[in-house]
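Colleague: Add chain B to chain A, keeping to what the hints say.
Protein chains in written order, with this note's numbering: chain A, 1 to 370; chain B, 371 to 998.
Since the hints were made in silico from the structure, they are not lab data.
The beta-carbon is built from N, C-alpha and C at its ideal position, and this holds for glycine as well.
One thing to keep in mind: the hints can contain errors.
Listed below are several chain A residues computed to face chain B (Cβ distance under 7 Å; list not exhaustive) [as the list claims (entries may be wrong)]:
1. G236
2. M292
3. A296
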Amino acid sequence: MITSAIIPRPLARLPWRLIFLVAGIALFGLMVLYSAAGGSSHPWAIKQGAVFLFFLGVAIGMSWLREATVKAFVFPAYVVIVLMLIAVDLLGFAAKGAQRWIDLGPISLQPSEFMKPAIALTLARFYELLPAGDVRNWRGIWPALALLGVPAFLILVQPDLGTCIMVILCGVTVMFLAGLPWWLFAGPAAAIAVAAPIAYSMLHGYQRKRIDIFLDPESDPLGAGYHIAQSKIAIGSGGIWGKGFLNGTQSHLDYLPEGHTDFAFASLAEEWGLVGGIILIVAFGLVVRWGMKVAANGRTRFAQLSAAGLTACIFFYASINLMMVMGLAPVVGVPLPLISYGGSAVMTVMLCLGLLMALERQQRTQSRAG
Amino acid sequence: MKHVRFTNAHQSITFSRRMMLVSGAQAAIGAMLIGRMGWLSVAQNQKYQLLSESNRVQLIPVPPRRGWIIDRNSKPIAINRSSFRIDVIPQQLEKGRDVVGEVAKLIALDADSVDRVRRELKESRGFRPVQLAENVTYEQYAAVTVRLPDLPGVQATRGFSRFYPDGPAVAHLVGYVGSANAKEYEKENKNPLLLIPGVKIGKQGLEKTLEPYLRGTPGGQRVEVTAGGKLIKELDPKPDRSGQTVQLTIDQGLQQFAARRMGDQSGALVAMDVATGDILAFVSMPAFDPNSFSEGIGRTEWKMLSGDDHIPLLNKVAQGLYPSGSTIKPAMALAFLKQGVDPQRRVVCNGGYQIGNRYFRCDAVHGSMDMHSAVERSCNTYFWATGLITDPEQTTEMVNYLGYGQEFDLPIPTQRYGTMPSPEWLEKKYHRKWQGYDSANTSIGQGYVLINPMQLAVMPARLASGKLLQPQLLLRGPRKPIAPLDVNPEHLEIVRKAMASVVNDHGTAVASKLPLDGILMAGKTGTAQVFRLGERGHQGAWALRDHALFIAFAPADKPKYAIGCIIEHGGFGASAAAPIVRDSMTYLFDQQKALAALEPLEKQWGGTLAERNARLLGAFKNATSAGT
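Extracted from the complex, chain A is given alone in its bound form (with noise of 0.2 Å):
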């Protein structure tokens, strides 16, 4: 919060440090896109410029929601994108293939984006209105799956895995945090630790050799594993300082796939190095951890846990996304926020900014007002 005379309060009162941060990494994400071009903002740059800028005044703008209206229109809301989703389901039936977005003209909308935040809503929204003592129940458990389940496998269905993975870890957060039970989460997590060796012995040759690629992608540098090869490769030789502005081989010359999109994270750090991509990663943890913050702070139950989901929303799609350009995790095509080229990351990633800065805004007029 910036406190000066010149400046007036409602401006004053906003987030700059965070809006700052936002901004510099979507201006990093510019210019790595102004190079993925070959040094021209066309056709990206500019493109995706505009896009950011509308969806930070949209974030601003959200700013001044109240917590009480956000809450009015949650379930509501919840319910529309389950139903765009099946439409999307049945639109792609229909089409007998791949349907992720419905087209409205002008712009396509991609419910399972909004279901990112929604869930993280909704759930939060849930275990507002249980009895505490229900936590621990059945009662506390069950319609949370059945409201995380139904989405997610919509998206599943889609088929689009990176972003049911996303949904399901944001719902499993709040849930997580709103206090279920540890075997839950223990129990599951243990069950797949024991069961992938046994389902991997049991798989057919084909599919055991995707695994095996991902596990170890220079096996098959020209088939499946070619993209994470080309990204390592990228990666790896940019070094500690990169190889400079413009002078991405890696990226320029073709051979890292999808340098702008989902790879963009690749052609940063060939071209910044080591530095450039410490810097985005410190970048999005003080994001991150400022999202926490506004769930530790919060003063009712649906901010701490619709905060705290929110964020979990922005730091998933990050890391997933950086741990599939490292290597880390296998190829699910989920781009990295402000710096991949395209809108839909761009307006997740907002409105829960957006929605963060309206719980954290709430959070200082009460404390004021108290």
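Modeller: Below, chain B alone, put in the same frame as chain A:
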């Protein structure tokens, strides 16, 4: 489940505790990401930098120029000619369109070559270009070049091709070059150089054995390319290094002369410098034209060559094996002398000799023979009789020591070195005892005796020099000091005198005296029976006729050169082989005189070697096309 009441207070404690847990996990994941990135970009930086460079920079190999092969006087034997070539890349051919036929029409390619191209296209590896035509004229090259956009898969380039000015005369010496086949490609660990059209490697002869020297190192145009193969920019090129020039001991003039002098006969001739062991001529005739082999030989020509009973595809110098016939006699004489036989000892030749229950017939009734006259007039009876009173093991040892049956250290791919039979060898090979008739056969160079033409030159060279000469083909190769022969010089003198008499007194080759003043040649004729002992077939069917052999050195008193020659089925050594050796020897002393002698002969045969070869191929082509 324990029914402890979960209150709001519990809830808020749980929340803050779990918040710490979640934050911690997030921080841990962040730290892991930074660690992973550090691992990739610092610890493994070198590995990935290398991979990134090998992505970025591609090397388009530039083939080196093949090294020349030159003779001892720096005259060219194998050189490179600038040439135009047209290739087809099978992968880029349009399906259902006969581009090969179109180009063939455009440059008037003969049916034979089209046949070969289609055959090679069928066996090709897709990305590897197949040669359509090599050494096309500039007009043909231009005709294809202007139509290139309309001819997918066709490639017209300038390059170099191998050229052998002497053609067949040097065929078996240098061999030929050709594109690498799949096996050679695998053998060189898939050397990408071998896939470039126009790159030829040695397939036979010196071209094959000297490959490491002749090839040179390929250069490369280093280029930056995109993943899609689009060229972005050219980087500094890596220059190629031409192959080394290899200088042979061969005298190109003599090589060519001897090849021409053989006419249409089938045979081999090797000439050596007696001082050094340098091989001056290495001739095997008739021979293929290495120029047409290097261009990819047509089916008709191949058929003609492989069907010829004079076996032009066989390197007779290195791989031909023949009975030595009487050319063994000087060596035999030396062996006898070493074992204490008195050169004055006389044997009466009544026209034959009885050994056991078999009567061996001599060529004539020679009367009383001593060693000198027995060599001079090639009396078998003397050698049969003397062979029986000496130790066959020791005799063989001496003949072998002089070169027969020996393998030499020469850069030729395959060398057969024949047999010098001895009692020990016979026991090992045929499990039987040495008999009197074995001694008799061996002492006149028949029976198990098999020698190759190289040995036919080494033997007189060693006798002439008294040194243990080793034949040499590379002028600048490493040389070992030459040891003197471990024989009595007086004995050598006796043998040399007898050989001089063969040509100059009353011997078997008096018709082949050198037409030079003051230079005498010493020699020994040989006639090797091909068909059956006792039946002398110097007339009748060509393939049943005897082989004619002649070994010689000159000047007789101060030897400088030695020559060995075999003419397959030539009849008497004196009549077929000796004149060729005489003329070749003459060439070494007086080129004008030798060439003047050759001219009327070639006229009689119907033109020079090249002219006759061309005519032969033409006739064969007509005959095959008429037949089909």
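Colleague: Next, verify each hint and record whether it holds.
Modeller: Against the structure, the hints come out as follows:
{"no.": "1", "hint": "G236", "verdict": "holds (3 Å)"}
{"no.": "2", "hint": "M292", "verdict": "holds (5 Å)"}
{"no.": "3", "hint": "A296", "verdict": "holds (6 Å)"}
Checked against the numbered hints listed earlier, the structure breaks none of them; every hint is satisfied.
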